[in-house]
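Trainee: Starting from the given sequences, assemble the full structure and let the hints guide the process.
2 protein chains.
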Amino acid sequence: MSLYVMKFGGSSVGDTERMKRVARRIVEKQDEGHQCVVVVSAMGDTTDDLIDQAKLLNPEPPAREMDMLMTTGEQISMALLSMAIHQLGRSCTSFTGWQAGFRTESVHGKARITDILPKRVIQALNNNQIVVVAGFQGMTDDGEITTFGRGGSDTTAVALAAAIKADVCEIYTDVDGIYSTDPRIVKCARKLEEISYDEMLELANLGAAVLHPRAVEYAKHHKVRLVVRSSFNYNEGTVVKEETSMEQGVVVSGIAYDKNVARISILGVADIPGVLADVFGALAKAGINVDIIVQSGVQNGEADFSFTVSLSESEHALKVIENLRDHVPYREVNSEHNLVKVSIVGAGMISHPGVAAQMFDVISKQGVSIKMVSTSEIKTSCVIEGGNLEQVVKALHTAYNLDTDAQVFVGGPQDRR
Amino acid sequence: MSLYVMKFGGSSVGDTERMKRVARRIVEKQDEGHQCVVVVSAMGDTTDDLIDQAKLLNPEPPAREMDMLMTTGEQISMALLSMAIHQLGRSCTSFTGWQAGFRTESVHGKARITDILPKRVIQALNNNQIVVVAGFQGMTDDGEITTFGRGGSDTTAVALAAAIKADVCEIYTDVDGIYSTDPRIVKCARKLEEISYDEMLELANLGAAVLHPRAVEYAKHHKVRLVVRSSFNYNEGTVVKEETSMEQGVVVSGIAYDKNVARISILGVADIPGVLADVFGALAKAGINVDIIVQSGVQNGEADFSFTVSLSESEHALKVIENLRDHVPYREVNSEHNLVKVSIVGAGMISHPGVAAQMFDVISKQGVSIKMVSTSEIKTSCVIEGGNLEQVVKALHTAYNLDTDAQVFVGGPQDRR
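Chains A and B supply the protein sequences, listed in that same order. Take -4 as the starting number for the first sequence in my numbering and just add one per residue. Take -4 as the starting number for the second sequence in my numbering and just add one per residue.
If a hint is listed, it holds; no wrong ones were tucked in.
Computed from the model, here is a short list of chain B residues facing chain A with C-beta under 7 Å:
(1) Met63
(2) Met78
(3) Ser89
Source of the hints: derived by calculation from the structure; they are not laboratory data. Even glycine gets a Cβ: it sits at the ideal position worked out from N, Cα and C.
Mentor: Right under this line is the structure:
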């Protein structure tokens, strides 16, 4: 007998028919002799519908009241799924985030978990109940309802799995697992049997939407064995764990891309100590996330540097820099928007020198110029023109021996919460 | 400065436009220098939509999970209304039932309030906040979410008004107040300026849907000054309070009717001691509410008796009696379904003998036969054929001097939760 945490995203419980299928899936797991704790997201479009209603009443609704509103989405899912499980003749108890013992810091919209006191969950398991928990939500010590932000239900599942010492945390979604790259671009993308936490973390951070980076971080920290698999079929998924048995010749595990990239360059900045700190301090203060930073050498007491931000934040970033002009003298600022970041990720890169060089070579052989580069121990990212994305991803996929013979067909949009 | 509890029913907050109007109404009250605690029901059809979804998954959903589901309706209303109030530039905090301190017994679907600990409500008021509370819900000492059943939000409002010692509890609905009878039947029905708790209790129990009997009972017990008024205009409503200044010649305050009536008669029952207790004990055990009971005299050691139940429970009641046959011998059972109960209510009946006799006289002059009668200190009810309802109510309304010259126009269905 194993203890499973099973997380189902919004599209897996998108309507009552899907809800019934999920209920059967859970009951099958129990029939195999296992204990089941289920974490569930809001049904399909519920979250968007609630946001739309809120915006009609207040274009900038207070974060506290948004949390009050949004948490009802998961509470509805949780109660309905519990009813569907009862209908199959099983005992089942649902819990809101606060009932399941999720305590958080006092921040609305993106609270971090401070503690989990899963007493009621464990009691219910001991009474042979299936337990259904609302994802994405918790409570502060003052009894305020909070939410975890994007990917919050994944985090609920992983954190709960750690707290109740579950054997496995299964993330059910609408794809079969983690792929070597986006199967919508590369038809012969390969489903990975397993991947390490670190690789998954890089992939998640680099734009692979299947798992939220925060949930992966939590899993890594608490050594929770994660399985990503489809709620629509019984295919084996991808195991995310500490160490993976390195396949022969596989240096790169996956290729990720991010279309949400803009480059900003500041030219002719006076090379005064502290200038970089001033610029990036101001951007941080404005809540803008900076990704890659590249500084060229100093000439005639002036330096040029470039950095990337997400497309949606680029206008804001330009304004921040405009406002700095009196304080930080520079000659010129320019920006570029039609860019993408392509990244190769693989734990094997640590022991295989020259992987980055090979990447540059593959890209240049496609006649594509590399605008910026960023590296870490297990990933290399290149910023290129957006129009070259598909061609470059395909070429890299082939170059790193990731192609399979099989073609992958992907359904709807992936669960994101 | 007065402390107001203002309760808005589901039709008053049926869509975002209505929600905005309610928000303005609350802000106006604050502008007059008052403190406001608002109790809100689920928006329009939300409750029915949730029930429909539940039934698709489980025709008999567990009561606990239904409470989990249903309470989201009020939580959505509460958060949205709070956002609308913020949009008008006011500080506002919303609370779920459990956050507002409603403690209940451990019964799902119709829990009674055991205690109210409104610490957070009072704190928020002291910080000059408008407070919005989700109606209809509370929590057990074990942290289980419960609901109060039909009329639950009225009960929330009245109970909270008592707990925080509010000066007035205003029930906003889609009619202008309490009427002498249903204005949909009698166009010249009169809006009452005031009515006593006892009269209101009888009217509510007898089918007037504007206020739930339980809320009236609570108001009477805690002497909460209630005002029933429209959320769609600024007309004065009806004040419900302990003593009313009796108007000259007004003996009967209101006429109520109930279309949900079935009569069951058991004929030729052996007159053994305990027979009545056996029959009505069995019905009570089956959860069937019996209203009027009439027993005829005993002849030849056999008795006949009749009683009324609600139409929807009559089939079930007949089955219960069928099953009793071995235990309680009787000759025949029959039933009648096309019936209504018409009632006159008035505190003045105590000091004016002959009011009931006058009622029988009015009805018989309409050529309508009375099938059953029931009386209390301040009401008399007659069961008649359903087809005669309108004619009889109009005749009684005129006979007791309740007609006004004005015609009343009534909008949509009344708030029922």
